[in-house]
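**Q** Spelled out, the chains give:
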Amino acid sequence: MNLADGVQIVSFALLAAMMLGTALGVVLLDNIVYSAFLLAGVFISISGLYILLNAGFVAAAQILIYVGAVNVLILFGIMLVNKRQDFVPVEKAWIGKAATALVCLGLFGLLGTMVVATPWTLSSAPIAGDDALVVIGKHFFSDFLLPFELVSVLLLMALIGAIVIARREYLPEEADQNPQLTVPERPRELTTGGNR
Amino acid sequence: MNPGIDLQASFVQALEGFGLTAGAAKTVWIPLPMVLMVGAVTVLALVSTWLERKISAAAQQRIGPEYAGPAGMLIPAADVIKLLFKEEILPAKTDPWLFAIAPMLVFIPIFLSYLIVPFGQNMIITDISIGVFLWIAISSIAPIGLLMAGYASNNKYSLLGGLRAAAQSISYEIPLSLSVLAVVLMSNSLSTIDIVQGQADYGILGWNIWRQPIGFVIFWIAALAECERLPFDLPEAEEEIVAGYQTEYSAVKFMLFYAGSYANLVLSALMVAVLYLGGWESPIPVGLLANLIGVSEDTAWLQVITASLGIVMMLFKAYLMIFIAILLRWTVPRVRIDQLLDLGWKFLLPVSLVNLLLTAGLKLLFPVAFGGPV
Numbered sequence: 000m001n002l003a004d005g006v007q008i009v010s011f012a013l014l015a016a017m018m019l020g021t022a023l024g025v026v027l028l029d030n031i032v033y034s035a036f037l038l039a040g041v042f043i044s045i046s047g048l049y050i051l052l053n054a055g056f057v058a059a060a061q062i063l064i065y066v067g068a069v070n071v072l073i074l075f076g077i078m079l080v081n082k083r084q085d086f087v088p089v090e091k092a093w094i095g096k097a098a099t100a101l102v103c104l105g106l107f108g109l110l111g112t113m114v115v116a117t118p119w120t121l122s123s124a125p126i127a128g129d130d131a132l133v134v135i136g137k138h139f140f141s142d143f144l145l146p147f148e149l150v151s152v153l154l155l156m157a158l159i160g161a162i163v164i165a166r167r168e169y170l171p172e173e174a175d176q177n178p179q180l181t182v183p184e185r186p187r188e189l190t191t192g193g194n195r
Numbered sequence: 000m001n002p003g004i005d006l007q008a009s010f011v012q013a014l015e016g017f018g019l020t021a022g023a024a025k026t027v028w029i030p031l032p033m034v035l036m037v038g039a040v041t042v043l044a045l046v047s048t049w050l051e052r053k054i055s056a057a058a059q060q061r062i063g064p065e066y067a068g069p070a071g072m073l074i075p076a077a078d079v080i081k082l083l084f085k086e087e088i089l090p091a092k093t094d095p096w097l098f099a100i101a102p103m104l105v106f107i108p109i110f111l112s113y114l115i116v117p118f119g120q121n122m123i124i125t126d127i128s129i130g131v132f133l134w135i136a137i138s139s140i141a142p143i144g145l146l147m148a149g150y151a152s153n154n155k156y157s158l159l160g161g162l163r164a165a166a167q168s169i170s171y172e173i174p175l176s177l178s179v180l181a182v183v184l185m186s187n188s189l190s191t192i193d194i195v196q197g198q199a200d201y202g203i204l205g206w207n208i209w210r211q212p213i214g215f216v217i218f219w220i221a222a223l224a225e226c227e228r229l230p231f232d233l234p235e236a237e238e239e240i241v242a243g244y245q246t247e248y249s250a251v252k253f254m255l256f257y258a259g260s261y262a263n264l265v266l267s268a269l270m271v272a273v274l275y276l277g278g279w280e281s282p283i284p285v286g287l288l289a290n291l292i293g294v295s296e297d298t299a300w301l302q303v304i305t306a307s308l309g310i311v312m313m314l315f316k317a318y319l320m321i322f323i324a325i326l327l328r329w330t331v332p333r334v335r336i337d338q339l340l341d342l343g344w345k346f347l348l349p350v351s352l353v354n355l356l357l358t359a360g361l362k363l364l365f366p367v368a369f370g371g372p373v
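Chains D and X supply the protein sequences, listed in that same order. For the first sequence, numbering that gives the first Met the number 0 assigns the number 0 to the initial residue and increments by one for each residue that follows. For the second sequence, numbering that gives the first Met the number 0 assigns the number 0 to the initial residue and increments by one for each residue that follows.
Just so you know, the hints here were simulated from the structure itself, not pulled from any lab data. These numbers were taken from a predicted model, which means no experiment stands behind them. There may be inaccurate statements among the hints.
Sample of chain X residues lacking proximity to chain D, with all beta carbon distances greater than 10 Å (derived) [as the list claims (entries may be wrong)]: (1) Leu133; (2) Ile140; (3) Leu146; (4) Glu172; (5) Leu229.
Using 20 Å as the maximum straight-line C-alpha spacing, the simulated DMTMM-like pairs for lysine to aspartate or glutamate come out as follows [claimed, not checked]: (6) X:Lys92 with D:Asp29; (7) X:Lys25 with D:Asp4; (8) X:Lys155 with X:Glu239; (9) X:Lys53 with X:Glu86; (10) X:Lys81 with X:Glu51; (11) X:Lys362 with X:Asp200.
Where a beta carbon is used, it is the ideal one built from N, C-alpha and C, also for glycine.
Use the sequences and the hints to build the structure in full.
**A** Given below as structure tokens:
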């Protein structure tokens, strides 16, 4: 075994342990903020696994999109929605937890058997390595053109929807309730959800 | 294109001369550039804190640091020693784990990004094909650290500062990436080495700043916002929210934030040099001068001169940008948070999209000047 193989095995073990640990933490911890931060750990270890598989671009994209955008938005959501509410302890809550654990273990067993039982066919094509970027780009504009364009239209729809919700320039139920006493300008309270 | 000095190859060869195997020699080499880079970056960041003091003093007609060493140059060292020996203060009801992890999450990605900063043809830790994209991706981790610091401090000013910092860096990352994309479009590569070589042909006239003036301005504004420098230092605006997410930090943890912010400024300035100012190339190409005198480009002493000149050029360009940033900080007032977000989303984003479109169109029209077909 040479140095490169050793490094690869050790880093795989570390990344796998880190991913499993953080993923379990996301599910099992009670504090939702911890879960959100640990989710970033899961994404980062997944991107480490991509690097081990020679997929540098996918790894960087994983970090940029999942850690830098999705996870930050989740954290924003948690920190802006500051709802303090005491949990009322439920009688026999362990039944629900046991059922969840059972279902999850069953799913895990099912997927595990599937992974072991399936005769995977390994691709014999050479690893793209540094040219992966070009290969991905060519796929986007040839055989994967339709999904690519559909995803972009979907994102555009989400974008426009978000802007429409955020602007709220015209609120039909308020138009006739409040007489216009102020200068014709969009009132500030509406954006922060004041006394509507 | 002459390969220039390849330190790795010569080092490995020298060790093999002592009887080591090729693998062992490479193993000895691997940590060297990393350690060198971390040390160098720390020194560069310290130098920029000294520059900050001196230039701010000059802008306000003061003298600035004077007695610690020649022209107060030992002030940064004194800062470091002071912060190392200070007491770690953990305010009541903080979250000790998150409080400790947050500065590292901000600090490590910045130092990791120096992987792709080239100081010469072979003077780079690793020339990977995704190059600048790695920098953009890694720097998107920092907002999580800022949010974490804001949350863990158990202080409303910290939380506000953390939220502001995250919102700001998310908003300005998009124009930043789009202006980088326009440069990448012209260089046909994400690798920093290829981007510099795309500007190497005509000396100062071939630099990207002439072909990407709009992109250059957008990049610099967005980079200042990413570094939380003054026109955009909302997250730590002291009149409003004490010191933002750093309010409760002291000693080494504060030093990590502080060093991280200056290292980030140096990194952004270096990236401006790489993307728009021709990287390690001199305004007049060294190869041209060598040909005029009649010296071959492969001469050993000329290569040493070229390599050192490359490092000097790179640092000169970077510190020129840092000088502009510091001068801006001490002359321009701070924008409001709504002005900041307006500028990012309503002005920079559309303009950078138009810039990208324009670059693509020009590339189709004049393939000779704008990269041409791959």
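**Q** Look at each hint and say if it fits the structure.
**A** Evaluation of the provided hints:
1. Leu133: Check fails; 5 Å does not lie beyond 10 Å.
2. Ile140: violated, 6 Å
3. Leu146: violated, 5 Å
4. Glu172: violated, 7 Å
5. Leu229: holds, 24 Å
6. X:Lys92 with D:Asp29: With a Cα-Cα distance of about 18 Å, the restraint between Lys92 of chain X and Asp29 of chain D holds, given a limit of 20 Å.
7. X:Lys25 with D:Asp4: Distance of about 15 Å is within 20 Å: holds.
8. X:Lys155 with X:Glu239: holds, 12 Å
9. X:Lys53 with X:Glu86: Given that 20 Å is the threshold and the Cα spacing comes to 28 Å, the pair is violated.
10. X:Lys81 with X:Glu51: holds, 18 Å
11. X:Lys362 with X:Asp200: holds, 18 Å
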